[in-house]
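These protein sequence lines map, in sequence, to chains H and W.
If you count by our numbering, then the first sequence holds residues 1 to 321, one letter each, in order.
If you count by our numbering, then the second sequence holds residues 1 to 321, one letter each, in order.
Calculated from the structure, these hints are not laboratory results.
Be aware that a few hints might be false.
Each pair may be met inside one copy or between any two copies, as identical chains are not told apart.
Cross-link-like lysine-lysine pairs, in silico, BS3-like; alpha carbons within 27 angstroms at most [said to hold, decoys possible]:
id	residue 1	residue 2
1	Lys16	Lys144
2	Lys16	Lys226
3	Lys142	Lys15
4	Lys144	Lys15
5	Lys290	Lys144
6	Lys142	Lys171
7	Lys314	Lys247
8	Lys97	Lys226
9	Lys15	Lys226
10	Lys171	Lys97
11	Lys185	Lys226
12	Lys97	Lys15
13	Lys297	Lys249
14	Lys297	Lys198
15	Lys198	Lys185
16	Lys16	Lys198
17	Lys305	Lys144
18	Lys97	Lys314
19	Lys142	Lys16
20	Lys249	Lys226
21	Lys249	Lys290
22	Lys171	Lys249
23	Lys305	Lys142
24	Lys16	Lys171
Fair warning: this is a prediction, and the values are worked out from it, not measured in the lab.
2 protein chains.
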Amino acid sequence: MFHMSEFEIIERFFKKAHPNSKGDLALGIGDDAAIINVPEDSELVMSMDTLVSGVHFFEDASAENIAFKSLSVNLSDIAAMGASPRWISLALTLPEKDLGWIERFASSFNTLAEEHSLVLIGGDLTQGPLSITVQIHGVNPKGKSLRRSGANPGDVIYVSGNLGAAAYALKNIEGSILYPAATEKEIQQLHRPKARIKTGIALRDVATSCIDISDGLIADLQHILKASQVGAEIELSDIPYSDSLIKLKSELAIELALTGGDDYELCFTIPNSLSNTSLEEIAINCPITKIGFINNKNASLVLRKENEEVYFLKSKSYNHF
Amino acid sequence: MFHMSEFEIIERFFKKAHPNSKGDLALGIGDDAAIINVPEDSELVMSMDTLVSGVHFFEDASAENIAFKSLSVNLSDIAAMGASPRWISLALTLPEKDLGWIERFASSFNTLAEEHSLVLIGGDLTQGPLSITVQIHGVNPKGKSLRRSGANPGDVIYVSGNLGAAAYALKNIEGSILYPAATEKEIQQLHRPKARIKTGIALRDVATSCIDISDGLIADLQHILKASQVGAEIELSDIPYSDSLIKLKSELAIELALTGGDDYELCFTIPNSLSNTSLEEIAINCPITKIGFINNKNASLVLRKENEEVYFLKSKSYNHF
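Bound-form chain H, shown alone (with noise of 0.2 angstroms):
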């Protein structure tokens, strides 16, 4: 360990070349401030999230973990709106200087930005309780964003790969359900979250709303809802559930897969008359699920067992604060 400003920190873990930036980046890290030109085609899409240590993810939770998924939640917020993901600042707050954490952060952030050719423009590194926060910023064709707002009576409601997964996985370590052990992959869906970037570019020109489940499908499903006042049936025998939810098969299943949030799935809804070839180039990159569809019944949701019955949910979903 050595002394290091936050200059040359920034300088030496942070600060890449950045050859494929397409020349609308004028002006990278190094000033008061970074510069972009917008193409004039575009509209720009921006949105903040911070991870906090004890509260987004576990105190002693790795540095690559860390970058990875403070990136991934604001990755997921731009694939809602069906952009493309283009510019990021992070702003790094650390209890000590700890350069080997520092460098492994900065090589799993600086990987999944790449993986997505995102580039770093600027930040702050600061000395205080460990937290993250990230603005991301994307370009999408003017006008094409996906909403909240856009649902019709008559839609399909979709949702992208499985749900429950990181809930299952949490509930599993903080040791509250202990059998069936969540699978490897389900742990990685909690300490590792995929956007569904590729998805909601596909989705740009034919969902007509578009959220992704941080909180819960229910509570962001409601979102929509609420934006497009509208209402919507759920078939609960139709959710995707994460496997270890499959076994488990108990109503703290549907809970978990309802509520449980952390999923950074896609919920959407298109058209009832979209061709099934459409659906089909939408489902390439990730696997898509038919849960339900909007009506216009005065803005309701009503979850609907396999036997028609209405079920009520006993939990309440995540609240960030």
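Since chain H is already given, all that's left is putting chain W on it; use the hints.
Chain W alone, transformed into the frame defined by chain H:
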């Protein structure tokens, strides 16, 4: 005190109607991301700063002052680029859901934002140790942003306002220097620094380089020298010392004014040929003072005393980390 969710808090305290947002804000708070249409003739200027309790402000600082400073230090980066501030994202991490605190914070934050026609477009509200990250977005006519890299030999170096006020007020409050007592104005400069937005905009067409002084004049001027690959000479008797420092009249005054930091004044260079009329126009909103000139002597920075002797600094500049 009563229960409010994250969404209700944002809705009640932070989401404002923005009739003046000029149509370029396509979508504000309330979706997975905000959408901006950056004007075609503009470049986007972006910066991010974090303030942590106990590091960047006292643990017992008022919600109003914390809000003001967290926004103002970001505005200052936009000022240094000569840009017009437009949109902000706010990541607010709070130990508890104290609605009174949040209301006072939001009121102060919103007031300063409105003063600059800034629109809050999104962010995150999370639970954890008190910390505030703001991402600010400004615009400039394409190619007009001020950078650190344009200073030329022969250019004159100026600073706005005065220097050392915040550093001196801090020494006073901490009790390490008790006399003279910091003035009310100096204490305000510590708690509620004023970003030099109008000065920055006035410099847009005339300055060759610019930076805001957050780490102390010397540290920040050295960023200009390094980026521009030039040297400089500063006349210590020309430094616009803050009132208490003029009374103090010791080497300590020089040290505080040059390395104390937290000034948020602008340090900039302009060609020696600039007319007095132009200089007066720049100084309309805030006094500016000539403190030295750029030379090309191997990029060294020389501090000259009144008797022509070279002065060597005793203290190091403020380090964020």
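Results of checking the hints against the structure:
1. Proximity of lysine 16 and lysine 144 under a CA criterion of 27 angstroms is satisfied inter-copy only: 25 angstroms between copies versus 31 angstroms inside one chain copy.
2. In this homomeric assembly, lysine 16 and lysine 226 come within 27 angstroms of each other (Cα to Cα) only across copies, at 19 angstroms, whereas the closest approach inside a single copy is 42 angstroms.
3. In this homomeric assembly, lysine 142 and lysine 15 come within 27 angstroms of each other (Cα to Cα) only across copies, at 24 angstroms, whereas the closest approach inside a single copy is 30 angstroms.
4. In this assembly of identical chains, lysine 144 and lysine 15 lie within 27 angstroms of each other by CA distance solely across copies; the values are 24 angstroms between and 32 angstroms within a copy.
5. In the homo-oligomer, the alpha carbons of lysine 290 and lysine 144 lie at most 27 angstroms apart inside one protomer (23 angstroms), although the nearest pairing across protomers, at 51 angstroms, exceeds that limit.
6. In this assembly of identical chains, lysine 142 and lysine 171 lie within 27 angstroms of each other by CA distance neither inside one copy nor across copies; the values are 42 angstroms within and 52 angstroms between.
7. Taking the shortest alpha-carbon separations for lysine 314 and lysine 247, only the intra-copy value of 20 angstroms comes in at or below 27 angstroms, while the best inter-copy value is 69 angstroms.
8. For a Cα distance limit of 27 angstroms, the shortest separation of lysine 97 from lysine 226 across copies, 25 angstroms, qualifies, whereas the shortest one inside one copy, 45 angstroms, does not.
9. Within a single copy, lysine 15 and lysine 226 get their C-alpha atoms only as close as 42 angstroms, which misses the 27 angstroms cut-off; across copies the closest is 17 angstroms, which meets it.
10. Only between protomers do lysine 171 and lysine 97 lie at most 27 angstroms apart by alpha-carbon distance; the minimum there is 26 angstroms, versus 33 angstroms within a single protomer.
11. Taking identical chains as interchangeable, the C-alpha atoms of lysine 185 and lysine 226 are never at most 27 angstroms apart, the minima being 33 angstroms within one chain and 49 angstroms between chains.
12. For the identical chains of this complex, lysine 97 and lysine 15 are intra-copy neighbours only, at 18 angstroms inside a copy versus 37 angstroms across copies, given an alpha-carbon limit of 27 angstroms.
13. Within a single copy, lysine 297 and lysine 249 get their C-alpha atoms no closer than 30 angstroms, and across copies no closer than 77 angstroms, so neither meets the 27 angstroms cut-off.
14. With identical chains, the CA atoms of lysine 297 and lysine 198 are never at most 27 angstroms apart, being 33 angstroms at best within one copy and 53 angstroms at best between copies.
15. For the identical chains of this complex, lysine 198 and lysine 185 are intra-copy neighbours only, at 20 angstroms inside a copy versus 54 angstroms across copies, given an alpha-carbon limit of 27 angstroms.
16. In this homomeric assembly, lysine 16 and lysine 198 come within 27 angstroms of each other (Cα to Cα) only inside a single copy, at 25 angstroms, whereas the closest approach across copies is 33 angstroms.
17. For the identical chains of this complex, lysine 305 and lysine 144 are neighbours neither inside a copy (36 angstroms) nor across copies (62 angstroms), given an alpha-carbon limit of 27 angstroms.
18. In this assembly of identical chains, the alpha carbons of lysine 97 and lysine 314 lie at most 27 angstroms apart only when taken from different copies (25 angstroms versus 45 angstroms within one copy).
19. With identical chains, the CA atoms of lysine 142 and lysine 16 are at most 27 angstroms apart between copies only, with a shortest distance of 24 angstroms across copies and 29 angstroms within one.
20. Taking the shortest Cα distances, lysine 249 and lysine 226 never come within 27 angstroms of each other, neither inside one copy (31 angstroms) nor across copies (64 angstroms).
21. Taking the shortest alpha-carbon separations for lysine 249 and lysine 290, only the intra-copy value of 20 angstroms comes in at or below 27 angstroms, while the best inter-copy value is 76 angstroms.
22. Taking the shortest alpha-carbon separations for lysine 171 and lysine 249, only the intra-copy value of 15 angstroms comes in at or below 27 angstroms, while the best inter-copy value is 64 angstroms.
23. Taking the closest pair of Cα atoms, lysine 305 and lysine 142 never come within 27 angstroms of each other, the shortest separation being 41 angstroms inside a single copy and 58 angstroms across copies.
24. For the homomeric pair lysine 16 and lysine 171, neither the shortest alpha-carbon distance inside one copy (39 angstroms) nor that between copies (39 angstroms) is at most 27 angstroms.
Consistency note: the structure conflicts with the earlier hints numbered 6, 11, 13, 14, 17, 20, 23 and 24.
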